[in-house]
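Starting from the known structure of chain G, fit chain B onto it as the hints suggest.
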Amino acid sequence: MRVEIAGENALILYFGEETSPAVSAQVQQAVSRIEQAMPELLIDLVPSYASLLVIFDMLACDHLEVRRRLRQCLQGMDNAESGEGRLVTLPAWYDAESGPDLESLAERAKLTPEEVIAIHSSMEYRVYAIGFAPGFAYLGEVDPRIAAPRLSTPRQKVPRGAVAIADRQTAVYPAVSPGGWNLIGLCPTRMFNPDAEPTMPVEVGDRVTFKPISREEFIELGGEL
Amino acid sequence: MSGFNVLQPGLLTLIQDAGRFGHHRIGLTTGGPLDAEAFSWANRLCGNQPGATALEVSIGGLVLEADVATRIVLTGAEMPLKINGVEQSRWHSHKVQPGDKIEVGFAAAGARCYLAVSGGFQITHSFSSAATVTREGIGGIDGQKLQQGAYLHCANTPAAKGYRLADEHQPDYASDVTLRVIQGYQQSAFSTIQKRIFFSSEYKVTDRADRMGFRLEGPEIKPSIDGILSEGICHGAIQVPADGQPIILLNDRQTIGGYPKIGSVIAADTARLTQLMPGASLSFEEISIDQAHNLYCLAQKRFERTEPEAV
Numbered sequence: 001m002r003v004e005i006a007g008e009n010a011l012i013l014y015f016g017e018e019t020s021p022a023v024s025a026q027v028q029q030a031v032s033r034i035e036q037a038m039p040e041l042l043i044d045l046v047p048s049y050a051s052l053l054v055i056f057d058m059l060a061c062d063h064l065e066v067r068r069r070l071r072q073c074l075q076g077m078d079n080a081e082s083g084e085g086r087l088v089t090l091p092a093w094y095d096a097e098s099g100p101d102l103e104s105l106a107e108r109a110k111l112t113p114e115e116v117i118a119i120h121s122s123m124e125y126r127v128y129a130i131g132f133a134p135g136f137a138y139l140g141e142v143d144p145r146i147a148a149p150r151l152s153t154p155r156q157k158v159p160r161g162a163v164a165i166a167d168r169q170t171a172v173y174p175a176v177s178p179g180g181w182n183l184i185g186l187c188p189t190r191m192f193n194p195d196a197e198p199t200m201p202v203e204v205g206d207r208v209t210f211k212p213i214s215r216e217e218f219i220e221l222g223g224e225l
Numbered sequence: 001m002s003g004f005n006v007l008q009p010g011l012l013t014l015i016q017d018a019g020r021f022g023h024h025r026i027g028l029t030t031g032g033p034l035d036a037e038a039f040s041w042a043n044r045l046c047g048n049q050p051g052a053t054a055l056e057v058s059i060g061g062l063v064l065e066a067d068v069a070t071r072i073v074l075t076g077a078e079m080p081l082k083i084n085g086v087e088q089s090r091w092h093s094h095k096v097q098p099g100d101k102i103e104v105g106f107a108a109a110g111a112r113c114y115l116a117v118s119g120g121f122q123i124t125h126s127f128s129s130a131a132t133v134t135r136e137g138i139g140g141i142d143g144q145k146l147q148q149g150a151y152l153h154c155a156n157t158p159a160a161k162g163y164r165l166a167d168e169h170q171p172d173y174a175s176d177v178t179l180r181v182i183q184g185y186q187q188s189a190f191s192t193i194q195k196r197i198f199f200s201s202e203y204k205v206t207d208r209a210d211r212m213g214f215r216l217e218g219p220e221i222k223p224s225i226d227g228i229l230s231e232g233i234c235h236g237a238i239q240v241p242a243d244g245q246p247i248i249l250l251n252d253r254q255t256i257g258g259y260p261k262i263g264s265v266i267a268a269d270t271a272r273l274t275q276l277m278p279g280a281s282l283s284f285e286e287i288s289i290d291q292a293h294n295l296y297c298l299a300q301k302r303f304e305r306t307e308p309e310a311v
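So the protein lines, in turn, are chains G and B. Residue numbers for the first sequence follow my numbering, beginning at 1 and rising by one. Residue numbers for the second sequence follow my numbering, beginning at 1 and rising by one.
Since the hints were made in silico from the structure, they are not lab data. Incorrect hints may appear among the rest.
What the hints assert, rightly or not - Under the rule of at most 25 Å between Cα atoms (straight-line distance), these lysine to any residue pairs were calculated in the SDA-like manner: (1) B:Lys145 x G:Ser177; (2) G:Lys157 x B:Gln144; (3) B:Lys195 x G:Tyr14; (4) B:Lys301 x G:Ala60; (5) G:Lys157 x B:Arg208.
To be verified - Selected chain G positions facing chain B (in silico; Cβ < 7 Å): (6) Ile5; (7) Ile43; (8) Asp44; (9) Val46; (10) Ser48; (11) Ala50; (12) Ser51; (13) Leu53; (14) Met58; (15) Asp62; (16) Ile130; (17) Pro134; (18) Phe136; (19) Met200.
Using N, Cα and C, we set each Cβ at its ideal position, and we do this for glycine too.
This is chain G alone, in the form it adopts within the complex (with noise of 0.2 Å):
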């Protein structure tokens, strides 16, 4: 592990320099044992990729206070069990109607749809980060076979609940907005709603699979048209 300065009242891990399963295990496990052994110098924790943003009070201590916390908790966790995180199973009704993108993706990676629907939803992805928007939960990886750069014109609007691939990134969408991810399918189930509890079905860590639904099912469990 490595720290270093990020701002005034801000230091940030890096676990690794690569994206990987267990990396991603390590962030969350720093994450678990950061809010328990310091909770009151802490302001805000920003997980990722392969690193971790820690935000602490300054007029409760300073970064040297801090560094020396941070050494004491995270102390052999290098050779700990990686933390697995629960599995969610997020419905996914892939169709040419709910993902406009599926029969151009499909083409391009020489496949049927059929088959990119079976690569997609057979793989067991982890969740990276979430960013760029309140809910939107960076999946990885995505099979290299179904892997699709962005499109060249984002569209103006994403419905919420778009199942989208992007590099070898998926995601839902957590609310309608411009996105120039390749859509795929519609899930059901919201990815943010700030009046549930939790607000968020994953966090970061968590392990995610889509299982194929049709669209009475998408439209049973709540899906909106």
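For chain B alone, coordinates are given in the frame of chain G:
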């Protein structure tokens, strides 16, 4: 029911408290006042708790009608304050009565003002804060900037105490701005020469400057890497995209991002930065994290020690 009717919302008036903390993990940014010093003084001169909900008025143009007997304070940029057409001083508490018309004109110097009311505005919290972040549609009233016809609830407090801050303690928004920077993040990817350019050159604020970040224009600096794995971005972080023009990330920044960063500006100085208009020039100065901590604690002590006068 008591409060204020919004007759004109101005260009960009936002309901803000100290900000939203502890929710970065679900992608929520902090929001909160861009000029935390002026915001804190507005509340203090009202006798409020620190972080009470107030209005951040950018550029100006706000007109309110009181439906309450209370006291108000305007701090921050040089925007003229009028009550019933009569100009009144800023950094000074004023009594208002039902029917009074309060106008915040356009800025002569600076860009943000804070209007606080005794006891604070009563706004339903979302995610433990009233702070408005329009990009997320969260906080304030319906996640939006203040709209014409809105009603801002607050308590009827005719006997509230009020204070003023002596001129010599008020910040000077006309002075030159030097932003103090702590090197950090990917600073080692910037060569000595690149850093020398950065710390010795003058940069200008462009018109792409908002609550997410201020994009600057000046000599290009180039890191030895193009991008990084997306990582958490702290307040004041200086991101350098491929065009070599620095962007200083502020209260409404995205929580994670993948551009290299040379370090971060201290919050005392981002407060001054956000009072600048497009075209204004600024420069950078390096300080250590220990110096930054000292400055922060000293500023905090100075704030506590400075006694406003009762009016």
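Tested hints:
1. B:Lys145 x G:Ser177: The given pair, whose Cα atoms are some 19 Å apart, holds under the 25 Å limit.
2. G:Lys157 x B:Gln144: holds, 19 Å
3. B:Lys195 x G:Tyr14: At roughly 23 Å apart (the allowed maximum being 25 Å), Tyr14 (chain G) and Lys195 (chain B) satisfy the hint.
4. B:Lys301 x G:Ala60: Holds, at about 14 Å.
5. G:Lys157 x B:Arg208: Holds. Lys157 (chain G) to Arg208 (chain B) sits at ~23 Å (cutoff 25 Å).
6. Ile5: holds, 4 Å
7. Ile43: holds, 5 Å
8. Asp44: Holds - the Cβ of Asp44 (chain G) comes within 7 Å of chain B, reaching about 5 Å at its closest.
9. Val46: holds, 3 Å
10. Ser48: Ser48 (chain G) check passes; min Cβ-Cβ to chain B is 5 Å, inside 7 Å.
11. Ala50: holds, 5 Å
12. Ser51: Holds, because the Cβ-Cβ distance from Ser51 (chain G) to chain B comes to roughly 4 Å (cut-off 7 Å).
13. Leu53: Constraint on Leu53 (chain G) satisfied, holds at 3 Å.
14. Met58: The hint holds - Met58 (chain G) has a Cβ within 7 Å of chain B, the shortest such distance being about 5 Å.
15. Asp62: Interface hint status for Asp62 (chain G): holds (5 Å vs cutoff 7 Å).
16. Ile130: holds, 5 Å
17. Pro134: holds, 4 Å
18. Phe136: With a closest approach of 6 Å, the Phe136 (chain G) hint holds.
19. Met200: holds, 5 Å
The structure agrees with every numbered hint stated previously.
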